[in-house]
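Our numbering puts the first residue of the sequence shown at 610, with every later residue one more than the last.
By construction, these hints were calculated from the structure, which means they are not laboratory data.
Please read all numbers here as calculations on a predicted model, not as lab measurements.
Do not rely on the hints blindly, as some may be mistaken.
Calculated pairs, EDC-like style, for lysine to aspartate or glutamate (alpha carbon to alpha carbon, straight line, at most 20 Å) [stated by the list, open to error]:
| # | residue 1 | residue 2 |
| --- | --- | --- |
| 1 | 716 | 651 |
| 2 | 720 | 630 |
| 3 | 691 | 705 |
| 4 | 716 | 634 |
| 5 | 716 | 686 |
| 6 | 672 | 637 |
| 7 | 672 | 686 |
| 8 | 716 | 637 |
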Amino acid sequence: MRSAEEKSKLKPYSPFQAVFDWWHEVRDRWQRMHDLDGMSSDDVARMASDCGMTSEDLRRIAKEPNGTVELLYRRLEALHLKPEDVRSVSPLLLRDLERTCAMCADKVRCKSDMDQTADPVGWESYCPNSGTLRTLA
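Modelling step: build the complete structure from the supplied sequences, incorporating the hints.
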């Protein structure tokens with residue numbers, strides 16, 4: 610349940626805005642896929658390797674909606690952690706958390722839960738990053 614202060618910060622969200630946002634998200638995904646499709650398999654593999662993942666992982670993440678990293682950063686904030694602090698300790702750890710979050714099958718549930726409260730009960734049961742995040746917290 611949102612507090613009165615949180616509710617007062619919310620802006621009205623029109624149906625038009627929802628359609629507009631959806632269209633931009635879909636267009637961005639198409640553009641990412643188009644960009645990858647225009648690259649040689651060696652270039653995609655090199656880019657994926659630079660990100661610490663496979664070509665298949667990179668293609669899968671490119672298909673995902675925008676805001677995936679936002680979910681991780683919201684979870685970090687709820688645990689009183691900052692992405693820059695995690696990055697300063699281990700850039701590869703933050704990258705792995707981001708990759709795992711991007712490939713998670715429960716993003717809709719995660720977003721819905723976090724929209725309700727910053728620290729939803731039971732998030733550890735579906736979050737593939739929960740063990741690492743709890744260790745960091």
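Evaluated hints:
1. Between the alpha carbons of residue 716 and residue 651 the distance comes to roughly 30 Å, so the proposed pair goes past 20 Å and is violated.
2. Note on residue 720 and residue 630: the hinted pairing holds, with a Cα-Cα distance of about 16 Å set against a maximum of 20 Å.
3. As the CA atoms of residue 691 and residue 705 are separated by approximately 15 Å, the hinted pair is consistent with the 20 Å bound.
4. Between the alpha carbons of residue 716 and residue 634 the distance comes to roughly 15 Å, so the proposed pair stays at or under 20 Å and holds.
5. Proposed proximity of residue 716 and residue 686 is supported: the alpha carbons are some 17 Å apart, at most 20 Å.
6. Only pairs whose Cα atoms come within 20 Å are accepted, and residue 672 paired with residue 637 is accepted, the gap being roughly 9 Å.
7. For the hint linking residue 672 to residue 686, the alpha-carbon distance of about 26 Å lies beyond 20 Å, and the restraint is violated.
8. Distance hint between residue 716 and residue 637 is fulfilled; the C-alpha atoms sit about 18 Å from each other, no more than 20 Å.
Of the numbered hints stated above, those contradicted by the structure are hints 1 and 7, listed in ascending order.
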